[in-house]
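Protein sequence lines correspond, in order, to chains A and B. The opening residue of the first sequence carries number 1 in the numbering used here; numbering runs sequentially from there. The opening residue of the second sequence carries number 1 in the numbering used here; numbering runs sequentially from there.
No wet-lab data here; the hints were simulated from the structure. Treat the hints with caution; some may be incorrect.
[Unchecked claim] Which bits of chain B does chain A cover? Going by a derived footprint, with three or more residues having C-beta under 8 Å, they are: (1) 105–114; (2) 132–139.
[As the list claims (entries may be wrong)] 25 Å max Cα-Cα, derived DSS-like pairs, lysine-lysine: (3) A:K27 <-> A:K53; (4) A:K53 <-> A:K14; (5) B:K199 <-> A:K187; (6) B:K55 <-> B:K14; (7) B:K187 <-> A:K187; (8) B:K27 <-> B:K55; (9) A:K187 <-> B:K141; (10) A:K27 <-> B:K187; (11) A:K27 <-> A:K14; (12) B:K187 <-> A:K141; (13) B:K55 <-> A:K27; (14) B:K53 <-> B:K27; (15) A:K55 <-> B:K27; (16) B:K187 <-> A:K199; (17) A:K199 <-> B:K199; (18) A:K187 <-> A:K199; (19) A:K27 <-> A:K55; (20) B:K141 <-> B:K187.
By construction, the Cβ of each residue, glycine as well, lies at the ideal position given by its N, Cα and C atoms.
Number of protein chains: 2
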Amino acid sequence: MAEKERLSADERRKQIIRIATEFFAEKGFAGTRTREIADMAGISETLIFQHFKSKEELYREILLENLAHHPLQPEIEHYESLNDDLTVFHTTAAHIVRNMNNPSLIRLFLYGVLENPQLLMLSEKRDHTGIQRHLANYIQKRIDDGAFIQTNASLAAQSFIYSVSMFCLQRVLAETTQGDSANGFIKNLVQIYINGLIK
Amino acid sequence: MAEKERLSADERRKQIIRIATEFFAEKGFAGTRTREIADMAGISETLIFQHFKSKEELYREILLENLAHHPLQPEIEHYESLNDDLTVFHTTAAHIVRNMNNPSLIRLFLYGVLENPQLLMLSEKRDHTGIQRHLANYIQKRIDDGAFIQTNASLAAQSFIYSVSMFCLQRVLAETTQGDSANGFIKNLVQIYINGLIK
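Based on the provided sequences and hints, a complete structural model is requested.
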């Protein structure tokens, strides 16, 4: 309890979020008790509820704080302006891998989606749909330029991003993050998409 | 209880599996009690354990009975022998969509993977890894023929199948199975892969 005194409100909030993330990832939303989180933090449940109105709010805050934390735009717009297709696709894929690199968060997110599908909407709005729209716009521009074949830009962006997302998901679920290299996968995928899309 | 008398052992087994699938899909493995399954079936827990040694065995039987139920080989080998690349890729994708068309099973499977990652191994051995290896062999054959570009056949098959799998997963999780058409998605994806792989 000595530690309790030392943390500022902001540090306490971060500590609760860190511990809650591990519990939700391990046991799901329904399977986690705020009492367990409090015990692990060495604080009272009341103190948790001073920071977060409810278990639901705590869960939502974890998702909101962690989704789309790394903005893609500034990095990619330079390559887009150069029509550097290879780097645009490669950067997009690497961005998704970076965003999906936290097994606890992916597990927490999947549990949330199974237990409460609305959570997927929340995250879509903030994360992959944005990346997908961005890539779709770039592909459409390259079609209009006459550089890419006539195709549905939105579907092409979707299938590319789905492939990378599944790669990340699979790594987390199979617990083999070390095993196969994301680089090899991405390089091969990008090669096929560029070859497939360029006239 | 009148109904209890009427079912044969095989019918009873199927009834238990059907009801258990819905419970596991809705509440996960840990969140489901065999008592609930028994109550819903109008039978005793003892009768469940006459058919399945434990809740674990019931769960495993559901997975085993449902994975890889539709064999791909006979359908696809004809097109492979004709080097009909478009139809080979299209049939492979349609096969995955057909296999992943049951939301309850996908939910049950995802819960299982979160709660117990070894379950993923089990299913991989019986299902998508087989399809993936099959497609990889075909791509390698077409590379050796000089019809496809030099690329890693195994990675190309993997990324194609991951994209289709994520499409199915996304539909189930977002509960929009009606919404967007798998056909449009597959057609676009296959176009890109064929264009991308053919010399």
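Consistency of the hints with the structure:
no. : hint              : in the structure
1   : 105–114           : holds (count 5)
2   : 132–139           : violated (count 0)
3   : A:K27 <-> A:K53   : holds (21 Å)
4   : A:K53 <-> A:K14   : holds (15 Å)
5   : B:K199 <-> A:K187 : holds (18 Å)
6   : B:K55 <-> B:K14   : holds (15 Å)
7   : B:K187 <-> A:K187 : holds (23 Å)
8   : B:K27 <-> B:K55   : holds (14 Å)
9   : A:K187 <-> B:K141 : holds (21 Å)
10  : A:K27 <-> B:K187  : violated (39 Å)
11  : A:K27 <-> A:K14   : holds (20 Å)
12  : B:K187 <-> A:K141 : holds (21 Å)
13  : B:K55 <-> A:K27   : holds (18 Å)
14  : B:K53 <-> B:K27   : holds (21 Å)
15  : A:K55 <-> B:K27   : holds (18 Å)
16  : B:K187 <-> A:K199 : holds (18 Å)
17  : A:K199 <-> B:K199 : holds (13 Å)
18  : A:K187 <-> A:K199 : holds (20 Å)
19  : A:K27 <-> A:K55   : holds (14 Å)
20  : B:K141 <-> B:K187 : holds (23 Å)
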